[in-house]
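Enquirer: Spelled out, the chains give:
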Amino acid sequence: ETGVTQTPRHLVMGMTNKKSLKCEQHLGHNAMYWYKQSAKKPLELMFVYNFKEQTENNSVPSRFSPECPNSSHLFLHLHTLQPEDSALYLCASRGAGRADTQYFGPGTRLTVL
Amino acid sequence: EDQVTQSPEALRLQEGESSSLNCSYTVSGLRGLFWYRQDPGKGPEFLFTLYSAGEEKEKERLKATLTKKESFLHITAPKPEDSATYLCAVQAPAGNQFYFGTGTSLTVIP
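Heads up: the protein sequence lines correspond to chains C and Y, in order.
What the first sequence shows, in this note's numbering, is residues 224 to 336, in sequence order.
What the second sequence shows, in this note's numbering, is residues 115 to 224, in sequence order.
It should be emphasised that the hints constitute simulated quantities derived from the structure, not laboratory data.
Fair warning: this is a prediction, and the values are worked out from it, not measured in the lab.
Keep in mind that the hints are not guaranteed to be accurate.
[Unchecked claim] Result set (DSS-like, lysine-lysine): computed pairs, CA atoms no more than 30 Å apart in a straight line:
#, chain 1, residue 1, chain 2, residue 2
1, Y, Lys173, C, Lys263
2, C, Lys245, C, Lys264
3, C, Lys259, C, Lys242
4, C, Lys275, Y, Lys156
5, C, Lys263, Y, Lys193
6, Y, Lys171, C, Lys263
7, C, Lys259, Y, Lys177
8, C, Lys241, Y, Lys156
From just these sequences and the hints, can you work out the full model?
Expert: What follows is the structure, encoded as structure tokens:
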């Protein structure tokens with residue numbers, strides 16, 4: 224495996240379900256990101272982890288819970304979601320340089336019924 | 115408020131018809147400006163990073179340029195396989211925050 228991988232690629236869940244999204248990076252990066260992408264809107268930053276420590280939380284509802292056990296893995300735990308949470312969820316990783324590029328995974332297409 | 119604006123929202127070109135996409139930004143103390151290509155249902159694919167005004171980068175039919183307030187992605191003699199959404203992002207001075215535009219959806223017609 225190379226780059227940034229995400230599983231599952233597609234997820235359909237009910238409003239009362241609990242599920243988790245997984246991201247893994249094979250680039251040796253130390254920063255990992257969760258973004259939400261909805262139609263006609265800019266990518267919306269959700270969480271940032273740097274060396275496993277959360278450094279950004281952009282007022283994300285508590286029904287989204289991130290977890291970063293090490294620099295290579297990032298999870299997004301989902302519970303009691305709303306239909307408006309349906310979107311493409313993207314994970315990205317970045318190196319430690321001053322203006323290092325973010326590299327994205329393929330995303331998880333989430334549908335909340 | 116820091117902002118990134120891309121134009122046009124959508125662009126249709128005939129194969130071989132060159133054009134430019136625009137990304138204007140209001141972030142002060144820019145650390146870097148990034149261009150990505152995104153195909154439907156996939157994650158953004160990195161194209162270029164520009165760091166300072168006057169800088170240019172090229173890759174095949176694409177050329178990115180940067181001024182103090184905007185960046186252009188020039189597409190020369192596009193092919194149908196260049197059809198995608200092109201995203202622009204800027205890195206804020208703090209370092210961890212990236213601001214994205216809404217993208218330009220490019221369609222190249224054979």
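Enquirer: Give a verdict on every hint.
Expert: A quick look at each hint next to the structure:
1. Lys173/Y with Lys263/C: 27 Å, holds
2. Lys245/C with Lys264/C: Satisfied, since the Cα-Cα distance of roughly 23 Å is no more than 30 Å.
3. Lys259/C with Lys242/C: Given pair Lys259/C, Lys242/C holds - Cα atoms ~16 Å apart, limit 30 Å.
4. Lys275/C with Lys156/Y: 26 Å, holds
5. Lys263/C with Lys193/Y: OK: Lys263/C and Lys193/Y at ~25 Å, within 30 Å.
6. Lys171/Y with Lys263/C: Answer holds: Lys171/Y to Lys263/C is near 28 Å, not above 30 Å.
7. Lys259/C with Lys177/Y: 28 Å, holds
8. Lys241/C with Lys156/Y: 24 Å, holds
Of the numbered hints given earlier, the model fails none.
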